[in-house]
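Visitor: Here the sequence shown stands for residues 10 to 260, where the numbers follow my numbering.
Source of the hints: derived by calculation from the structure; they are not laboratory data. Some hints could be false.
Unchecked claim - Calculated pairs, EDC-like style, for lysine to aspartate or glutamate (alpha carbon to alpha carbon, straight line, at most 16 Å): (1) Lys12 to Glu91; (2) Lys62 to Glu255; (3) Lys12 to Asp223; (4) Lys12 to Glu254; (5) Lys12 to Asp181; (6) Lys11 to Glu256; (7) Lys11 to Glu91; (8) Lys11 to Asp181; (9) Lys12 to Glu56; (10) Lys12 to Asp72; (11) Lys11 to Glu255; (12) Lys62 to Asp181; (13) Lys62 to Glu85; (14) Lys11 to Asp96; (15) Lys12 to Asp226; (16) Lys62 to Asp80.
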Amino acid sequence: MKKIGIIGGVGWASTVDYYRALCQGAGRFFAARGAGSPLPVPPMCIESVTQAKTRALRGVPGDEASWAGFDAVFREALHNLERAGCDFALIASNTPHARLHAIREGVTLPILSIFDAAAQASTAIGAQSALVLGTTVTMQARDYAETLSGHGIAANDPLSETEIAEMQAMIDEDFYGGASGAARQRLLDYCNRHAAPGTAILLACTELPLAYPDHLDDVSFQADGHLFVNPSAAHVAAALDLALEEERIAG
Numbered sequence: 010m011k012k013i014g015i016i017g018g019v020g021w022a023s024t025v026d027y028y029r030a031l032c033q034g035a036g037r038f039f040a041a042r043g044a045g046s047p048l049p050v051p052p053m054c055i056e057s058v059t060q061a062k063t064r065a066l067r068g069v070p071g072d073e074a075s076w077a078g079f080d081a082v083f084r085e086a087l088h089n090l091e092r093a094g095c096d097f098a099l100i101a102s103n104t105p106h107a108r109l110h111a112i113r114e115g116v117t118l119p120i121l122s123i124f125d126a127a128a129q130a131s132t133a134i135g136a137q138s139a140l141v142l143g144t145t146v147t148m149q150a151r152d153y154a155e156t157l158s159g160h161g162i163a164a165n166d167p168l169s170e171t172e173i174a175e176m177q178a179m180i181d182e183d184f185y186g187g188a189s190g191a192a193r194q195r196l197l198d199y200c201n202r203h204a205a206p207g208t209a210i211l212l213a214c215t216e217l218p219l220a221y222p223d224h225l226d227d228v229s230f231q232a233d234g235h236l237f238v239n240p241s242a243a244h245v246a247a248a249l250d251l252a253l254e255e256e257r258i259a260g
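All chains, full assembly: derive it from the sequences and hints.
Guide: Spelled out as structure tokens, the structure:
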């Protein structure tokens, strides 16, 4: 099995869920092949960064130099995972992926993109349009839109700054450390306002899927009258495919 490197801490609740999903997913894989307890799981190393620090280091859209400190935190975390002997890495957060082009400079460790995983999951369900929800950075950037476009899926036009700020406030107030009692309804109200019928809604902040605990491992699911794509689950599935590649070939 390949060793998985995880950059976590942004935020910690979704990092916990990534680790759980990777372990349980590997367990199901080996159980189906007749393995007994304790079921094997891939070796993993988690490099946890400090969310308060990375939030403070966010730059200004369009000003590459302003992101230097933010990029450096994640680049150093990837170097630490390289030194720990990881075979590949994933960042358990959507937001830093908007900076992946800069973060990966000088890094030789392969990095699985959550954008690619989410786009492939959206394609698999036949989505033609998508609403991308996430942090301010994710919703202001057009990286998700460009990746989806490459798969023939039209992403929403940027929402207003007021609407983007409302989503960021929701994440901070109702999803930090888990989903509050009001989180699901608040998210649903937002989706009802902005998602046209038939649109796939990408829960493109790793905390947002916590509003649907029964679907945390579902790459896509129907709930509350909407079709959702869970980029976190798609990311985990891609990581397991790579980590267990040799075992799959061996049959």
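Visitor: Against each hint, give a clear statement of whether it holds in the structure.
Guide: Results of checking the hints against the structure:
Between lysine 12 and glutamate 91 the alpha-carbon distance is near 10 Å, which keeps this suggested pair within the 16 Å criterion. Between lysine 62 and glutamate 255, the direct Cα distance comes to roughly 38 Å. Violation of the 16 Å bound is thereby established for this hinted pair. The hinted pair formed by lysine 12 and aspartate 223 fails the criterion: a straight-line CA distance of about 28 Å is larger than 16 Å. Simply put, lysine 12 and glutamate 254 have alpha-carbon atoms about 12 Å apart, close enough for the 16 Å limit, and the pair holds.
Restraint check for lysine 12 and aspartate 181: not satisfied, since their Cα atoms lie roughly 32 Å apart, outside the 16 Å limit. A C-alpha spacing of about 10 Å is found between lysine 11 and glutamate 256, which places the hinted pair at or below 16 Å, so the restraint holds. With a C-alpha separation of about 13 Å, the suggested pairing of lysine 11 with glutamate 91 holds against the 16 Å cut-off. This hinted pair does not check out: lysine 11 and aspartate 181 have alpha carbons roughly 34 Å apart, beyond 16 Å.
For the given pair, lysine 12 sits about 13 Å from glutamate 56 by alpha-carbon distance, which is consistent with the 16 Å threshold. With a C-alpha separation of about 35 Å, the suggested pair lysine 12 and aspartate 72 falls outside the 16 Å cut-off, and the hint is violated. Taking the CA atoms of lysine 11 and glutamate 255, the gap is near 9 Å; set against the 16 Å cutoff, the hint holds. In summary, the hint linking lysine 62 to aspartate 181 is supported, as the alpha carbons are separated by about 15 Å, within the 16 Å threshold.
With a C-alpha separation of about 14 Å, the suggested pair lysine 62 and glutamate 85 falls inside the 16 Å cut-off, and the hint holds. Of the supplied pair hints, the one linking lysine 11 and aspartate 96 holds, its CA atoms being roughly 6 Å apart against a limit of 16 Å. Taking the CA atoms of lysine 12 and aspartate 226, the gap is near 21 Å; set against the 16 Å cutoff, the hint is violated. Proposed proximity of lysine 62 and aspartate 80 is supported: the alpha carbons are some 12 Å apart, at most 16 Å.
Checked against the numbered hints above, the structure breaks hints 2, 3, 5, 8, 10 and 15 and satisfies the rest.
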